[in-house]
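S.K.: Based on the hints, put chains B, C and D in the right spot on chain A.
4 protein chains.
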Amino acid sequence: MTTQVIVLNGGSSSGKSGIARCLQAVLPGPWLALSIDTLVEAMPVSMQASGTGIEFAADGGVSVGPGFRSLQKAWQAGIAEMVRAGARVIIDDVFLGGASTQGDWRRALAGLDVLWVGVRCDVKVAEGREIARGDRVRGMAASQAEPVHQGVAYDLEVDTTHTEALACALAIAAKVD
Amino acid sequence: MTTQVIVLNGGSSSGKSGIARCLQAVLPGPWLALSIDTLVEAMPVSMQASGTGIEFAADGGVSVGPGFRSLQKAWQAGIAEMVRAGARVIIDDVFLGGASTQGDWRRALAGLDVLWVGVRCDVKVAEGREIARGDRVRGMAASQAEPVHQGVAYDLEVDTTHTEALACALAIAAKVD
Amino acid sequence: MTTQVIVLNGGSSSGKSGIARCLQAVLPGPWLALSIDTLVEAMPVSMQASGTGIEFAADGGVSVGPGFRSLQKAWQAGIAEMVRAGARVIIDDVFLGGASTQGDWRRALAGLDVLWVGVRCDVKVAEGREIARGDRVRGMAASQAEPVHQGVAYDLEVDTTHTEALACALAIAAKVD
Amino acid sequence: MTTQVIVLNGGSSSGKSGIARCLQAVLPGPWLALSIDTLVEAMPVSMQASGTGIEFAADGGVSVGPGFRSLQKAWQAGIAEMVRAGARVIIDDVFLGGASTQGDWRRALAGLDVLWVGVRCDVKVAEGREIARGDRVRGMAASQAEPVHQGVAYDLEVDTTHTEALACALAIAAKVD
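Chains as they are written, first to last, in the numbering used here: chain A, 1011 to 1187; chain B, 1011 to 1187; chain C, 1011 to 1187; chain D, 1011 to 1187.
The shape of chain A in the complex, shown without the other chains (with noise of 0.2 Å):
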């Protein structure tokens, strides 16, 4: 069987997003890379901002309404519909609600291959990658490294803590078939 799509799981400033464009670099023929940080740049700039989007608090902590919600179910569904189309998709996400999350996903990607990949990162190295790139808000890092990982279940876990993001692409593309 052939792998159609690579799930990325990990907190903020795990390095999730280096690891997807690297995947791009290495694996043959095209792949898309798609994240949450795509979805939440395409709703409105008011849902960012109220009880019915996401919200991120001043201690890094972020909360999404129901608003938000129904939209990722959308985005879910529309994302498998394009692997079933032809397309090969890498799917960069956070998984705020841990296992739940998860179980929306192998819902919206049911009878397609995918392989599910844990990024892991040291809490204290993550924030200071927080800092480093100077774009997020300070304990998004710290305060989502465990919880999102909390009953998922991977074929593959990587550690950006000590490992670069190419070394990680490169783990993971041996996997895929």
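Incorrect hints may appear among the rest.
What the hints assert, rightly or not - Listing some non-contacts, in silico: residues in chain C with all C-beta distances to chain D over 12 Å: (1) S1056; (2) V1072; (3) M1092; (4) L1166; (5) V1186.
As the list claims (entries may be wrong) - Heads up, incomplete: computed chain A residues facing chain B, CB under 10 Å, no partners named: (6) R1031; (7) L1042; (8) L1044; (9) G1070; (10) G1071; (11) S1073; (12) G1077; (13) W1085; (14) G1088; (15) A1090; (16) V1099; (17) G1107.
Quick caveat, the hints were computed from the structure, so don't treat them as lab data.
Think of the CB as a built atom: it goes at the ideal place given N, C-alpha and C, for glycine as much as any other residue.
M.R.: Here is chains B, C and D on its own, set in the frame of chain A:
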């Protein structure tokens, strides 16, 4: 019937994305805004300079290869599915193939209630705005202004030459059921 | 005498940076364009949310603390020195203190040939453009439109309400010696 | 004596800007961070593709013309003046001319207390990070890694190959008076 999709078609620097953001602000309920730029950014960097992807020539010409077209079809199918799954979507596109691109979208969006909007702008004005924004290859506005509308049928046309994005958005919103 | 500095002053979303890029395209010889945004981006992230730096309130109000003002004075002195060292510079600023900010610039630019340009825009139009660009806090355009011009003297004023950035730039360029 | 300027020199993708942001976070008091990218962005778009400005070749080579060098000297003089006017500044640069570029900075910064820092990174690792970030021409990291350090004297060298940006910043901060 309820409008589910708004398709904005126009050349580079005609003002589509500004109208899309204004529509998100004035329409009741949340609408996702997805553009051809979203798709290009999701592609591998390497496709942006190869015969199979999309190429931006020094004179502003844009050409796409078979790899691009194939991902684009999957992208179109996926957006249609997002709508079927309940999201309302504003599509901001450049019909490089004119009527033929509209045909592709019609097939993908079959059965959905679509509002087709042409976004026009005097070519001299669009060229000036291309200089003012500074992030587009010079010449794209001029080379796309006319061809993208060739043979395309609209429910409504707006012209940003003398009309602000917000006013265009209000005119479009008045046609949304 | 030869114009060495062009200062563009106007409220948020009045169109200053588009005019600056058009000036760079139409003026003979290279001009550097430096804006208040360049300075803010050079500051520590932490200053953007503390009493000593710059704060963007939810209603669009902007307040700056003593730490900001002190770095701003050094910034102004430095830009003046770039000009004395031979660079021609377009400064794109928001005179939050009106005449008092102009006084600061006058002292910094003493002895240089400066063209002072006011960039105006009808407040309703600027508010619409603020929505269309989507990357500014709502309300900045409205709260800055008038105060930034209070007591400020210009060599030339342009109004982007009905005039494109390129046409404004050409009018300014005609005054550059 | 009090350190007034920190100069970070290293090739593309060696990690300079991440270190600069971490320095801003860990050093007491506000420091401005200005990079060669800030200068390039301030230049006319046209200079980025002409013989007089800066050119990024398809293989990652970077060449600068006389127009670039002349604006760069003015830029260096201006930054030195910002420091004399009281700002503390982190300069993040790529010494394309090696020792000769350091000589230019020495002349500009004469009389100021400067901490010279070399930022190194194993070339294979830097190449991988260039792929991971996705916004740089492939090959820049490799072609700049060694030449930018040729004949340059440092107070301190850091190596990002196995050390995080934050840890490098703490090592540098320990040398700041």
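S.K.: A separate judgement is required for each hint: does it hold in the structure or not?
M.R.: Hint check results:
1. S1056: violated, 7 Å
2. V1072: Per Cβ check, V1072 (chain C) is outside 12 Å of chain D; nearest 18 Å; holds.
3. M1092: violated, 3 Å
4. L1166: holds, 21 Å
5. V1186: holds, 15 Å
6. R1031: Status holds, d = 7 Å.
7. L1042: Holds, about 5 Å.
8. L1044: holds, 6 Å
9. G1070: Check failed: Cβ of G1070 (chain A) comes no nearer than 25 Å to chain B, outside 10 Å.
10. G1071: It is violated, given that the least Cβ distance between G1071 (chain A) and chain B is near 22 Å, above 10 Å.
11. S1073: violated, 17 Å
12. G1077: Check passed: Cβ of G1077 (chain A) comes within 6 Å of chain B, closer than 10 Å.
13. W1085: Holds - the Cβ of W1085 (chain A) comes within 10 Å of chain B, reaching about 6 Å at its closest.
14. G1088: Holds - the Cβ of G1088 (chain A) comes within 10 Å of chain B, reaching about 3 Å at its closest.
15. A1090: At 7 Å from the nearest chain B Cβ, A1090 (chain A) passes the 10 Å test, so the hint holds.
16. V1099: Hint on V1099 (chain A): holds, closest Cβ of chain B at ~9 Å, below 10 Å.
17. G1107: At about 18 Å, which exceeds the 10 Å cut-off, the nearest Cβ of chain B leaves the hint on G1107 (chain A) violated.
Hints 1, 3, 9, 10, 11, 17, counting from the list given before, are not met by this structure.
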